[in-house]
Amino acid sequence: MTFIDFNFYLFATLLIVAALGVITARNPVHSALWLVLSFFASSALWILLEAEFLAIALVLVYVGAVMVLFLFVVMMLDINVEQMRKGFVRYLPIGALVALVLAAQMIWIVGPVGPDVLGDESLQQSVRHAADYSNTKELGRILYTEYVLPFEIAAVILLVAIVAAIALTLRRRPATKYQTPANQVKVKRNDRLRIVKMDAEAKE
Amino acid sequence: MMIEFIPDWLIVFWNWFPVDIQTVLIILGKIVLILLPLLLSVAYVTYAERKVIGAMQVRIGPNRVGFFGFRLWGLGQPIADTLKLMMKEVVLPTKANKFLFLTAPVLSIAPALAAWAVIPFDRGMALTEINAGLLYVLALTSIGVYGVIIAGWASNSKYAMLSALRAGAQIVAYEIAMGFALVGVLMASGSLNLGDIVEAQAGGFENWFAWPLLPLFFVYFISGVAETNRAPFDVAEGESEIVAGFHVEYSGMAFAIFFLAEYANIILISALTSLMFLGGWLSPFENAAFAQGTFLAETSLLWFVGKISFFIFVFFWLRATFPRYRYDQIMRLGWKVFIPVTIVWLVVEAVMFVAKVGPWAV
Chain F
1 MTFIDFNFYL FATLLIVAAL GVITARNPVH SALWLVLSFF ASSALWILLE AEFLAIALVL
61 VYVGAVMVLF LFVVMMLDIN VEQMRKGFVR YLPIGALVAL VLAAQMIWIV GPVGPDVLGD
121 ESLQQSVRHA ADYSNTKELG RILYTEYVLP FEIAAVILLV AIVAAIALTL RRRPATKYQT
181 PANQVKVKRN DRLRIVKMDA EAKE
Chain Z
1001 MMIEFIPDWL IVFWNWFPVD IQTVLIILGK IVLILLPLLL SVAYVTYAER KVIGAMQVRI
1061 GPNRVGFFGF RLWGLGQPIA DTLKLMMKEV VLPTKANKFL FLTAPVLSIA PALAAWAVIP
1121 FDRGMALTEI NAGLLYVLAL TSIGVYGVII AGWASNSKYA MLSALRAGAQ IVAYEIAMGF
1181 ALVGVLMASG SLNLGDIVEA QAGGFENWFA WPLLPLFFVY FISGVAETNR APFDVAEGES
1241 EIVAGFHVEY SGMAFAIFFL AEYANIILIS ALTSLMFLGG WLSPFENAAF AQGTFLAETS
1301 LLWFVGKISF FIFVFFWLRA TFPRYRYDQI MRLGWKVFIP VTIVWLVVEA VMFVAKVGPW
1361 AV
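Listed in order, the protein sequences are those of chains F and Z. Residue numbers for the first sequence, in the working numbering: 1 to 204. Residue numbers for the second sequence, in the working numbering: 1001 to 1362.
Since the hints were made in silico from the structure, they are not lab data. Every value quoted in this text rests on a predicted model; they were computed, and no experiment measured them. Misleading hints may appear alongside valid ones.
Which chain Z residues face chain F? A few, computed with CB under 10 Å, are given here [as the list claims (entries may be wrong)]:
#1 G1124
#2 L1127
#3 N1131
#4 T1141
#5 N1193
#6 D1328
Taking lysine-lysine pairs in the DSSO-like style, the calculated list, with each CA pair at most 27 Å apart, reads [to be verified]:
#7 F/K137 <-> Z/K1356
#8 F/K86 <-> Z/K1084
#9 Z/K1158 <-> Z/K1095
#10 Z/K1088 <-> Z/K1158
#11 Z/K1088 <-> Z/K1098
#12 Z/K1098 <-> Z/K1030
#13 F/K177 <-> Z/K1336
#14 F/K186 <-> F/K203
#15 Z/K1098 <-> F/K186
#16 F/K188 <-> Z/K1098
#17 F/K177 <-> Z/K1088
#18 Z/K1098 <-> Z/K1084
Quick reminder that beta carbons are idealized off the backbone N, C-alpha and C, glycines included.
Make a model of the complete structure from these sequences and hints.
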């Protein structure tokens, strides 16, 4: 077993344990933290595949931003754990079915029985690149040449999704008070202060 | 050249190890060589902060604790502080989540130290020179917030909880501006490798990225101050409102680790700013006539340390000068000022790039 194999099995085990933790933890905050760990483990696996851009982007986007907001929400919720566990047996068959379909798909595509989608050579030991090979550069090159149209369409779809998400949650609340910093900065003394001349009062 | 000084038996002992173990040992040695000076400077940065702010407020600052009966301007203070914090009891609040309560400080210091793996200190002097160094640093600075959030939640205290929410929202807001500022650096240098980014700024201070990317430089540094939860963006600590924020329930060494993480992050942000905008270890007088032949024109670690120290000083300066931002104003600054500024400047930069004006006119 080489060092790379050792790392693969280490992080793969970690990933499976963490993924199990996500669905078995009783506390939703713990589940979210297990999910963070599983993101880290899968990112390590991607680094072993020399996909360092994707691996770091996974940590940056999912761990650094998405999961922070996730934790944010989960910490605020007052979840009744008992009530959540009630439906477990009821939904078990559906869950099992979905899991089965997913597993079947993966085995069909990757395994030896199904159609040869990936091509024979991609299942072989992949080529190891030299240290100066930049995954980021390759990814950028291919996205802006070969796949430029699908890439742009995906970007537009994401933009539409952002606009839609903001439009759906935006509600105007006229009662809310807020200050405009520009107006605050522009204020002069005479707008706020009135100096009153007063005679000194006589001592009683 | 070094080999001559090492006794023979040591070389025999060394060759007795398998090659893999040798590699691991060399890497561990390098890690120690980076972390020991780093932790020592963290200790003395706290001393420098107290002295600098003391001077700005016309006080003396710590001047009592010295060595062996000599006061030495209070230079023993950080060591005395460390010893005191190590002796103190770590109090666990009732109903706190013990495991997460004790993991939180670790989660906050680990990214702050791990990011140093890709920082080059001089030409070719880095633990690793990976091609995605910039991304790696960005990813690690963004996960430091977990320590704060988990500490806030696991403490079972309402002040800590409020602080965790503040820190979470703030870091997500400023991380975007920070990322965009780094996209500008990436466009200017054409590389994600920190060493290449520095080399792209060679040729004296007029070639530094700080000039063509001036708005991004300011946005990056100020976002860095916000990301480290330092004054004037320290609402996560906010003594006047929420006592001490996320570390209100921490004591002893657990508290000290949060403290270490904060100062390690300050040094890290200073180092990154000088690498990406001020040419890192490059000399500002590379082509200046008066400096030729002297050490002033050489690239060296000294320039890098000097630039880092300058930014650390700016951190203290900001803290001594500005009152704390109001929370809604922090959010406004992050989302409505910094992000538009960076996006506009990226467009300007792209136009300059296409029109071949400025430093890209090759």
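Hints, verified against the model:
1. G1124: Result: violated, 13 Å to nearest chain F Cβ.
2. L1127: violated (14 Å)
3. N1131: holds (4 Å)
4. T1141: holds (8 Å)
5. N1193: holds (8 Å)
6. D1328: holds (8 Å)
7. F/K137 <-> Z/K1356: Roughly 22 Å separates the two Cα atoms, so the pair holds.
8. F/K86 <-> Z/K1084: Judged against 27 Å, a Cα distance of about 51 Å means the pair is violated.
9. Z/K1158 <-> Z/K1095: Given that 27 Å is the threshold and the Cα spacing comes to 13 Å, the pair holds.
10. Z/K1088 <-> Z/K1158: Distance of about 24 Å is within 27 Å: holds.
11. Z/K1088 <-> Z/K1098: holds (18 Å)
12. Z/K1098 <-> Z/K1030: violated (34 Å)
13. F/K177 <-> Z/K1336: With a Cα-Cα distance of about 18 Å, the restraint between F/K177 and Z/K1336 holds, given a limit of 27 Å.
14. F/K186 <-> F/K203: violated (42 Å)
15. Z/K1098 <-> F/K186: Violated: Z/K1098 and F/K186 sit about 51 Å apart, past 27 Å.
16. F/K188 <-> Z/K1098: Given that 27 Å is the threshold and the Cα spacing comes to 54 Å, the pair is violated.
17. F/K177 <-> Z/K1088: Outside the cut-off at roughly 47 Å; violated.
18. Z/K1098 <-> Z/K1084: Cα-Cα ~23 Å, so holds.
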